[in-house]
Every structure is written in C-alpha cells, then in structure tokens.
Amino acid sequence: MQSNAALEYDYSVAKLFTYTTILFGFLGMLIGTLIASQLAFPELNYLLGEYGTFSRLRPMHTNIVIFGFTLSGIWATFYYVGQRTLKVSMAESKFLMFIGKLHFWLYFFGALVAVVTLLMGISASKEYAEFEWPVDVVIVLVWVLWGISIFGLIGIRREKSLYISLWYYIACFLGIAMLYLFNNMEVPTYFVSGGIGSIFHSVSMYSGTNDALVQWWYGHNAVAFGFTVPIVAMIYYYLPKESGQAVYSYKLSLLSFWGLMFVYLWAGSHHVLWSTVPDWMQTMGSIFSVVLILPSWGSAINMLLTMKGEWNQLTENPLIKFMVLASTFYMLSTLEGPIQAVKSVNAIAHFTDWIPGHVHDGVLGWVVFMIMAALFHMAPRMFKREIYSKKLMEAQFWLQTTAVVLYFTSMWIAGITQGMMWRAVDEYGNLMYSFIDTVAVLHPYYTIRTLAGVLYLVGFLMFAFNMVKTMTASRKLEEEPQFRSPMAA
Amino acid sequence: MFHWLEKNPFLFSVGVFLVIAFAGLVEILPNFAEASRPVVGLKPYTVLELAGKEVYKKDHCIACHSQLIRPFKAETDRYGQYSLSGEYAYDRPFLWGSKRTGPDLHRVGNYRTTDWHENHMWDPKSVVPQSIMPAYQHMFTNIADIDTAYAEALTVKTVFDTPYDTPNGVKLGTLDEAKAAALEEAKAIAADMKNQDVKDAVANGQIPEIVAIIAYLNRLK
Amino acid sequence: MNSLMIKALAFAAVLIIATLVVVKQMNIDLSDPINMITMLGAVAIAALTFGVSAKYVNQMKTDRAEGELTEENWDGIGEYKNELPGGWAYSFLGVLIWAMWYFIAGYPVNAFSQIGMWNEEVKAYNTKFEETHKNADEATLQQMGESVFLVQCAPCHGETGDGLSGKAQDFGSRMSKEQVLYAIQNGSNQLGYPMGAMPPMMAQGADAEAIAEYVAGGMKGEQPAAFAVCSSCHGADGQGNSGMAPNLAVYDEAVVSHTLEHGKKGQIGKMPSFKTMLTPVQQKALAVYIQSLSAN
Ligand code: HEM
Ligand code: HEM
Ligand SMILES: [Ca+2]
Ligand SMILES: [Ca+2]
Ligand SMILES: [Cu+2]
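Heads up: the sequence lines are chains P, G and R, in that order.
For the first sequence, our numbering begins at 1 and goes up steadily by one.
For the second sequence, our numbering begins at 1 and goes up steadily by one.
For the third sequence, our numbering begins at 1 and goes up steadily by one.
Some hints could be false.
Derived pair list, reagent style DSS-like, types lysine-lysine, alpha-carbon separation capped at 30 Å [to be verified]: (1) Lys7(G) / Lys81(R); (2) Lys73(G) / Lys275(R); (3) Lys57(G) / Lys270(R).
If you anchor each label on the Cβ, the simulated ranges turn out as follows [as the list claims (entries may be wrong)]: (4) Lys199(G) / Ala395(P): 52 to 62 Å; (5) Gly86(G) / Glu131(R): 32 to 42 Å; (6) Asn8(G) / Tyr107(R): 50 to 60 Å; (7) Asp165(G) / Thr132(R): 30 to 40 Å.
One side of the interface only, derived from the structure: several residues of chain P facing chain G at Cβ under 8 Å [as the list claims (entries may be wrong)]: (8) Asn45; (9) Ser89; (10) Ala212; (11) Leu406.
Derived from the structure by calculation, the hints contain no laboratory data.
For glycine and all other residues, C-beta sits at the position ideal for the given N, C-alpha and C.
Isolated chain P (complex conformation) (with noise of 0.2 Å):
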C-alpha cells in the first residue's frame, strides 16, 4: 500500500461546495415537496401570490436541484478526488488556490442571481437552460475556472496515469461545455433594438423544430454529463476506497467508458420522438438509446462486483450501502429509459407522470445517495472528526430508500394509467376520457408522491443533521482512516 502521509490535501475548496451541496440539495427538495403538494392539493399554489405559483417553482426545483446541489456536489467532491488520485495538493499552487476559490465565489454569486431572476420569472422556457443570457455569462466564466483547475492540476500532477474517476470529470468538463454554449446561443433584444425594453430579454438563434433539436440534443446529455458521468466518477473512487476492495475489471471500466461517450450524444432525439423532428432522427433516436443500456450497466455491475465477497460490509456499513442502491437505482433508470424511448412504448409514456418517474429513480436512487455517501466518506477526512451518528444514517437510509419506492411506483402507475387513458375509446370509437378526467384520477397517486417527497426531505434533513454535527461536535480523530470511515454508534 502507498501511504499519502507525506502529502497534507488542501480540503478548503471542497468543503466549501459542501456546504452549498447540503444547503441547495435542502431547497432544491423542500421545493420539490412543495410542488409535488401542489399537484395533490392545488390551494398550496397560493401561499406566496404569483411568485408561489407550480409554475414558477417547477424551475426553481430543477435548478436547484441541478446546478445548485448537483453542480455543488461533483466539485466537492472533484477537489476531493482530483488531489487525492493525482497525489497532489492545491497548497501546492497559490495559483490553483486562488481558482478554487474565485470559482467558489463567483459560482455562488451566480447561483443567487439564478435564484433571484427565476424567481421574477425571467426565464427562456427552454427546460434545464431557463437562464437568460447574463447567467448564462456567469456559468460560462465559472466553467472555465473549473477548467483551469482540472487541467492546472493534472499539469503538476506526481501520478502519471489517470484514474478512472478523472476520464470521467473531464468528461463532464468537456461535454457541458459544449453543450451548453450551443444550445444557448441566443441574441439579446435590448442591443438590437437599441435600447428597448427588458436587458435580460433573447431569443434564440434557433427556431422551432430546429430548436427543439439542438434543445434535447443538450438536454438529454446535460442528463448524461450532468447526471452520470460525475457520479460515475464519484462511485468508481469511493466505492473502493470505502470498502478497501480493488476494482473489479480494468477492461469493463474502458469500454463502459468509451461505450458510454460514444452512444449517449445519438439518443437525444428519443426526447422529440412523434414530433415535427425528421423520421430518420427519431429513430437513430430509439436505437442508440437501447444501445446504451450496455455501457451504461457496464459501471454498475463493474462497482456491484468490486463487491463480490463483501457480504459483511453491505450488512455493517450504512455507506456501503448508499452506494450499492444508488448502482441499483443506475441500473434502473438506464433500463427504463431505453424501454421509454422504444417508439412505441414512448407513445404512452411521453407527457405523462411515468417521465418525472423515471427522472427521481435516477436522481433521488442515484445521484442523491451517491452525492450524500460521497460527502459521508469525506467528512471525517475533511474534518478529521469521526462520522457522528450511524444509527441516523441507519435510519436514513431506510426511510429515503421507502421514499423512492413510493415515488416511482406511484409515478409509475399514474403514467400508464393516464397514457392509456389519453388514448382509450369507447365501444363506439369516440375518445372515452375528457381530459379532466385524466387528471382527476392521479389525485391518490400525487398524494402518495408527496409523502414520498416528506419523508426524503426528512432523510435529506437527517443527513444535514449528521453533516453538520461531524463538522462541529463528534469526537475528533488522530489520523486519516485508510478505508473504511469511522462512526460513532
């Protein structure tokens, strides 16, 4: 074993985006509680007049939940992961130091203008890049500090070769980069016009059907460079390094790797399938995406069987645990998102409640757990404080893994039931529902979708309880754990 002794990391950067982690991860959920309420009970649209709307918040969910809390935990955890497998510290460089930290600032200082203007409703309405174009400014800025960090470290690096962990953040560099810019390509209103009207206000360069490409072009890969790649990253360092168990096969790593970069980009257009889009694209579309259902288990079953033999550590250790369901829940919504782009099957499920289904398995089984075990895994190293309570952890663990149970099946059954019934006919042939009708009948399974939502904020709730006590009150600890991370009963 190489010890890292010698080396002291420099943790301020990451801990930092552990705090905004915990912070927008607890909004980011308390919104989506609130919003899945709305659907239930509509009077809860009116606590905050027009700014309370389902509506305005839907945007304030998803970004949050994205570009706050995901954003926020694949930079804590880079600056984790990116000292420890390049076996260099930031206190090494004053430079990289001072980039750490202005990217810190300037993205928190994004993040709030983000907040405040969707908030008025200054919105584009294209999903996932609702910003308008000064954000989009800030973002860009604050991508290409994250960059100069990345590659400033790899340039001083003592580890010569990559580790696996690192193909994937720079993968999810590269790959928002790109897709951000071209899908926000838009032209400001207020310097054409010469001064009239709202600064914030664009359009897009693009129009119509070609927008709606280029849109899901980005949208579906901002899910798999957003959404996958960095927490593939995430699971394929601190899985092992938890455990203290190699992994499992160096060639399944590879080819899920370069399977994954190569087929994902061909599968957005299963988001446009029955549209105005071109025939031959929409199915490129369905093909590729079952295509990717290979690539995309080939890291799940490589972490599941970095397991192999570890029975004990599944049954003793809460955070070995996380990160077995959240390859589990992987594995699930890269099954049910290849089935949901078959055409035929997509004919039901699009539109409905089967998608938002679909989205939590993979973000509340997958990337929240995952976020959650990887910021369990550095809090003692961080703080050099032991894990304050795994009983807490125990039962969050088991109350959150209830919560995504009931939040899928519930949006699993609604979806069906309402696309079947969109399209259902009477013995005459005319349609058999109004729409109405279509919407009433998923009150019950909204119902159980917002108490899914409660007891996960709960969870959520408990793990920010945990954080903060490690940080603050447990007993502190002479010297870096190895593998396994300490924790008081």
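Could you slot chains G and R with the ligands onto chain P? The hints should help.
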C-alpha cells in the same frame, strides 16, 4: 492496452471531445441545412401576441402544457390536426414542452374563446371543477411589457429576416406605431371581457398581462 | 433461487400487478398493440433490473474477489485485470448487431413515415365508423353524443350541460330572456341559416320584453301580438320555418349543426366553431344528446 492514453491527458481530452462532438454533427447539421420553412400563410406574431408569449414564458405554462400534437388518432381527435414543422418557424424558442399535466395548447385557439379564458385564468375551478391548474389572478393587474415584445419583434426582423412590414403581412413600424397597434388589438379583446379593472386599464391605454396572454392563446390555431 | 432473488422478483411482480389492476379499473383495452408493448416494456424493466441486481448482490454473499492486480494504484485503490463478465459482453455484442441489422435491413431508417401511419390509421377507422353508424338508432346516438359532449363541450357547458352558472348556454331550456332581448336588439348574422341575417330592433320596449318573456318561457301560454313580426321568419310556432331560421322553441338538429359549423357570439359570450373537429355522425349524436337535456 489504453494505458498510454490515460497517461496523456491532452490526447485523452481531445479523444473524448472528438467522440462526443461527432454525434452532434451528424444529428444537428442535416436538419439545419434544411432551415425551418414556414408553412404557407403563416404570419409572424403581432407585438401583443409576443407580449403574451412572454407572459406564457414568465409564468412558465410550459411546466404543465405541451404545444405539440402527435400524429395519433387519439390526439387529433382531442386537439385537432397534428402539428407541422413549418408552423413553428417563428417560434424562438420552441415551446413544445415535455409534460402534459394539463392539455395540449397548440390549437387551443380553435376551441376556446376570450371569455372562456377570462373565467378560466381567473379561477380554473369555475369552469372545470376538478381542475388542478393554479389561478393566475395577478395577470389581471400586472401590466404587460410591450416594449420588450417590440424589441423582440425588431430583433427577429433584423437578425433573422422574419417578415414584418411586408405587403399584407404584419406591420411592425416604429415603437409608437407598434404600441398603438397593440392597444387597438387589446381593445378588441377587452371588449369581450367582463373584468371591469381590465376594461378600465385598457381604456386608459395600459395592457394587463391577461389581455396579452389571451391574444397569444387565441392565436394558437 | 434463493430468497433475495425471490424477494426482488416478487417486488417486480407486485408493481406490475398493481399497475394492471389500476389500468383495468379504467376499462383500458390491453389488447391494443401500443398498450401491450408498453406493459411488456414495464415487465422487462421491473424483472430485469431487480433480477439482475439481485444476482450481483447475491455474489457478495457467495463469491470471493480475486484476480491479478494491475501495477497502478491510486490513493490506495487497486484494479484487477479481470475479463469482461460474459453476460454483459455478449449482450453488448448482441445489441450492437441488432442495431446494425435494424439500420440496414430490418427497418431501414428512412422506411417509416409517422404521417403515413396516421393516414392509414385514420382512414381505416373513419370508413369503419361511418359504415357502422350510418343508421344508428336514437339510443345509440344519444349515448355517443354524451361521450363526445363530455370530452369536447363540457369544459364550457359543464358536465350536466347547465352552462356553469351563466358562462355558456344552459341546455336545460332553450334560451334566457336576456339572450332573446340581445338578439332582438342586435339582430343576428352568424349562424348561416338560409334566411340569412336577422335585422336588429324589430321590436322595442314593452313589446320586446313581452316577446322575450314568451320565448324564454318555452313559447307556452298566450302569444304576444308583437311576436307576429318574428313569425314571418321563425314561424308562428317559432320552430324556424322548416330550417329557414333558427328554431326558438327547442334545440333541433339544425340549431346544433349551425352552431357547430359557425360558432356563435351572443349575449353570454363566444362559442367557437367545431367545423373541422367533428364528423357528421358525431354532430348528429350531439344534437340528439342536447335535445335530451332539455326534455327532462
Ligand atoms: C441509458 C440511459 C437513459 C436513457 C436511454 C434515457 C431515456 C430517456 C427517455 C426516453 C426519456 C423520456 C423522454 C420523453 O418522452 O419525454 C427520458 C427522460 C429523462 N431522463 Fe432519462 N434515460 C436514461 C438515463 C437517465 C438517467 C440515469 C437519468 C438521471 C439520473 C435520467 C434523467 C432523465 C430526465 C431528467 C428526463 C426528463 C427530461 C424531460 O424533462 O423531459 N435519464 N430519459
Ligand atoms: C424531495 C425530493 C423531491 C421531490 C418531492 C421532487 C418532486 C418533483 C416534482 C413534483 C416535479 C415535477 C413533476 C411534474 O411536472 O409532474 C419534479 C421535477 C423534477 N425534479 Fe424533482 N423532486 C425531488 C428531488 C429532486 C432531486 C434531488 C433532483 C435532482 C438531483 C430532482 C430533479 C428533477 C428534475 C430534473 C425534474 C424535471 C423532470 C421532468 O421535466 O420530466 N428532483 N420533481
Ligand atoms: Ca440561456
Ligand atoms: Ca420535462
Ligand atoms: Cu434523454
């Protein structure tokens, strides 16, 4: 076998970039070459309609409503003729949506009317008792942003050659002309409405958001 | 099979059965190919995910980790040189071959047109529909009318056709006094009857009031003298002179079809035209259904 590549971060990154950029090119370029052509007779949005579209974006109706009728019998029976690519030629951005918590709206102008929208936006449950759509009463007092809508029209006219100010087409003109035209349009809509505050505002030369969004919804045909 | 696998598959089965039960309650026809493929897809998702992950989790119980380690080591993490898992590798290969086949032979990418599919579907359907219901009886038409009404008309006229407290026509009676007065004052020129336009202001003051009262009351009791001016077009009985002008007494087929064809803007508000959205049989069915609403 690939270890050499993993030791060379630069080549590695270039490799990743090429692999991911490739698909984008093949997917995006062909359709761009054949730029979105408007269907015959399609007119650009009037300034009031654009202001209404802005309200649609501001209050994010796209969270619940699609504007894409797929070519299935069940959908054409419910909403009318399936959507055609050329109908979206002036939509920047496109507003297809990805979720139908509420019904599709691409042709709602065919089967709903000003007075119905007025009732519905004020209190959806008054017309559809089981509705879960929020009421948008603030639209009856918020004033629509006609300046920005004009700026948008002027921008698409200048940058993308959207046919304003053509014979028999939609006139844009100067900001003042456009404002006057928008007010005329608004008056016609307000005449079909019952809300006295809205009628008074329009009589005083102001256009509440509700009037703009109804103009937009009526245009969706 | 061990207990973990059984639990996983049992969970998948419960999920599928729950879905089926709910769907069946809504009278969904599962033999529809699209519905069937969707359900099969759901079965595949549930069974494969839970089955395969249970298989790997089981290996944590039974197998042992082994293999040759590579020389690298990052932050204490090692890596085995193990071969690819067979099931995964063969599935990947299989799917790739399937994709090529699909592209090239099975289903060449440009061989499908969704619009063509729609045309066929709708044509086949419409022929059959008109054929079957050409001579539909009253009861059938009424039931059919009700279902179309609930989908297309209820958002304005209410599920019971009561006009939602004055927001649209109330089909419980023919017309309200205000509506008749409005027509007298403003005339009417939108419904496309053979008689053409009705001029405004053919009766005034107390006369108009009396007429309106009479028409709104269902044309019962004594006819006011002033109604004579109306009779010339609408007939002495107000039945519309065999379709020359609207029937003011009851909803007949002509009233409904003219309204659906042209829409109507009146005292209450505006009703859109449904010209392109309904077939002739559906219009007839709606007329029968609307008549039945005021009959009781
Ligand atoms: C093999 C991998 C995957 C494929 C082929 C896939 C496919 C799909 C399909 C077909 C849709 C529905 C499009 C529609 O009809 O509206 C969808 C939606 C979505 N998926 Fe996946 N999916 C995959 C994995 C994932 C994962 C792992 C996540 C998240 C962790 C995810 C997040 C989403 C999101 C956020 C949407 C919603 C997009 C929208 O707003 O419409 N997907 N996916
Ligand atoms: C307490 C947990 C959560 C609850 C209750 C919740 C609830 C919701 C609800 C109600 C919607 C709207 C669905 C609709 O329009 O029908 C939604 C959308 C979405 N949420 Fe969440 N959410 C939660 C956590 C998260 C997290 C942690 C993420 C990401 C990391 C996330 C990502 C998304 C995305 C991407 C969408 C858009 C899906 C689409 O358009 O298809 N959510 N969520
Ligand atoms: Ca933007
Ligand atoms: Ca969506
Ligand atoms: Cu996708």
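We went through each hint and held it up to the structure:
1. Lys7(G) / Lys81(R): With a Cα-Cα distance of about 18 Å, the restraint between Lys7(G) and Lys81(R) holds, given a limit of 30 Å.
2. Lys73(G) / Lys275(R): holds, 17 Å
3. Lys57(G) / Lys270(R): holds, 27 Å
4. Lys199(G) / Ala395(P): 52 to 62 Å: holds, 59 Å
5. Gly86(G) / Glu131(R): 32 to 42 Å: At roughly 35 Å between Cβ atoms, Glu131(R) and Gly86(G) fall inside 32 to 42 Å, so the hint holds.
6. Asn8(G) / Tyr107(R): 50 to 60 Å: For Tyr107(R) against Asn8(G), whose Cβ atoms are near 41 Å apart, the range 50 to 60 Å is violated.
7. Asp165(G) / Thr132(R): 30 to 40 Å: violated, 53 Å
8. Asn45: holds, 4 Å
9. Ser89: violated, 19 Å
10. Ala212: Given a least distance of 5 Å, the restraint on Ala212(P) holds.
11. Leu406: violated, 20 Å
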